[in-house]
Amino acid sequence: MDMIVLQLFNGISVSSILLLIALGLAITFGLMKVINMAHGELIMIGAYTAYVVQNLFASYMPDEAFGWYFALAIPASFGVAFVFGLVLEMGLIRFLYGRPLDSLLATWGVGLMLQQIARSIFGAPNVGVTSPEWLNGGMTVFGGVVLPYKRLFIIGLVLLCLFAMYLYIYRSHSGRRMRAVMQNREMAACLGISTRRVDAVTFAIGSGIAGIAGCALTLIGPIGPSIGTYYIVDAFMVVVLGGVGKLVGTVFGALGIGMSNTLFEYWTTASLGKVLVFLCIVAFLQWKPMGLVAMRSRSLDN
Amino acid sequence: MLLRIRTMPPRRIWLLAGYAAAAAVLFCAPLVLSDFRLNLLAKFLAYAIVALGLDLIWGYTGILSLGHGVFFGLGGYAMAMYLKLDASGGRLPDFMDWSGLTALPWFWEPFGSLAFAVLAGVLLPALLALVLGYFTFRNRIRGVYFTILTQALVIITVTLFVGQQAYTGGTNGVTGYSKLLGFSLASPDTKRFLYWATVVLLIGAFLLCHYLVKSRFGKVLRAIRDGENRVRFIGYNPAVYQMVAFSISAGLAGLAGMLFVLHVGIISPSMMGIVPSIEMVLWVAIGGRGTLGGAVLGAVLLNSAKSAFSESYPDIWILFMGALFVVVVVFLPKGAAGLFGQLKRIGRRKAADEGANGVRHPAV
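Sequence order for the protein chains is L and C.
According to the working numbering, the first sequence is numbered sequentially starting from 1.
According to the working numbering, the second sequence is numbered sequentially starting from 1.
The reader is advised that the hints may include incorrect statements.
To be verified - Mimicking DSSO-like on lysine-lysine, the simulated pairs with C-alpha atoms at most 30 Å apart in a straight line are:
{"id": "1", "chain 1": "C", "residue 1": "K334", "chain 2": "C", "residue 2": "K219"}
{"id": "2", "chain 1": "L", "residue 1": "K33", "chain 2": "C", "residue 2": "K43"}
{"id": "3", "chain 1": "L", "residue 1": "K33", "chain 2": "L", "residue 2": "K288"}
{"id": "4", "chain 1": "C", "residue 1": "K334", "chain 2": "C", "residue 2": "K179"}
{"id": "5", "chain 1": "C", "residue 1": "K306", "chain 2": "C", "residue 2": "K219"}
{"id": "6", "chain 1": "L", "residue 1": "K33", "chain 2": "C", "residue 2": "K334"}
What the hints assert, rightly or not - Only some residues are given here: those of chain C computed to face chain L with a beta carbon under 10 Å:
{"id": "7", "residue": "L31"}
{"id": "8", "residue": "V32"}
{"id": "9", "residue": "S34"}
{"id": "10", "residue": "R37"}
{"id": "11", "residue": "N39"}
{"id": "12", "residue": "G62"}
{"id": "13", "residue": "L319"}
{"id": "14", "residue": "V328"}
To be verified - Just so you have them, the derived chain L footprint on chain C, three or more residues with Cβ under 8 Å:
{"id": "15", "segment": "15 to 29"}
{"id": "16", "segment": "98 to 111"}
{"id": "17", "segment": "202 to 216"}
Keep in mind the hints are simulated off the structure, nothing from the lab.
Source: prediction; values computed, not measured.
Where is the CB? At the ideal position from N, CA and C, for every residue including glycine.
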């Protein structure tokens, strides 16, 4: 019983991180059909921002305040990654609309450069981020099961981000414009929506969420220049599995991959588990080629 | 033959002469290059075979595969398994010993024969590609979805090879062999022979791809690239063509992997991971997708540049490679081969402008 609860919790924990990473990808991919391989490096930027904030707190703030650096690190990570995303969109991505495969290659090149720059600034070895005191320890539920506060905090953070995204996409004016562009770009442009600006803002928001994901990852382990590449392919699988266009798809895609990954790895070994997850995804796509939730469209080529 | 040449347009004749000259240079290279350089060139020519295969599937069919590292690696492992068994001389390969195995795993048994290993090195990757292609192209999973799936294939294969240390040698890969059929792999004579074998196989692969591209099959591939649905409406089944092209492409990558092992003497998961797989795509992109000569040229040029720069300035090389990706994709979608075309077009336009000043067409 304890084992089952623990595995379930691990699964949800992995899923929540995948969800946070895939959320930004799903938005940019769904809206602009742009594959942003530099998303992993935006995660890295978020993680290093948290590291820098922590160092600033350690050197300039009184010791009592150190525990609260994380409250500042989250918005800071979002902001820095947001700005990076905006610059990336303005400088590169907008030349690549309508060429998804090319966007993949070009952003991979950008990611490579960002990784190397990070290596030059922060050094190649991983750096550790000291988690705030109040996140150490865990909550004991029945029996001997201890749920670490850090993981619970991340799950809470993901839920909060999800809720904020929901409010933004489905309950705000700019979210409505975004959905309009997503569903029918030409029509939206005819109605006077500046699709250029929607694209830029959306891409920046997706990048900002990647920054938050990076900030959350600092709680789990040390961070390094290649931290993003470790998660990026799994996150793309979430998008493929979940389908493009709706938040629900991404949520279920993340839950599906995160849970099955944990379970298969528990039953078999880590390497075999990954193979099984991949086979399941390919098998699932036989049934629903467009993923779990796909936006309906009458167009033939998309 | 002479008659055909006489009726060819002059451009074709020049192209043909260029290819013949390139082949002649490749055959004569051992006369001028040092053993070390020759070995490097042999490695690059093996890479060029991968680039040919990738060009077939990406440049001509419009399907981007980021999984060619896997096919390359499978070919490499097939050859390395034979060499390793040969070197162990009937005993268990050393890494299995360390991992506590007592008997040879069943799937290692047939690799004791060179013929089987060579066949498997080409057919296994081709078969894997065929199966993956069947399950994706049949459902019209294409474009970025397919690309992401191939990338996932790379991740799981690398994890699997690293994880199953007892069977695959783990992170270290399969290494520690020195003889092929009794000839030492390190001796200059063997190296020269292997180099020529690589040149012959590269030319063979080039001719195969050239034939495929020029045939009706190749025309259908290009039609799929330019408008898959129209091809379907005409009555073709694009999935079959995509599967076959992907499979041939994977087989060529496997062949290249085998040659690579013979030249370099090691195969490990790090040579089939995400970064090598994407680098392979860069070779084709920089040389020019959709031109076979461009793919070969891209592989050789970029790898020469890499070995020249990366040893002394690895940091700069990575920055340079990233920038190259961005520049090529955004500004030179047709690569170096396209650059020649662009220059020629500019030249022709200039000539046309001058002509326009002199002669007035009645229509304008």
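Requested in this report: Return the numbers of the hints above that this structure violates; sort them in rising order.
Outcome: Failing hints, ascending: 2, 4, 5, 7, 8, 9, 10, 11, 15, 16, 17.
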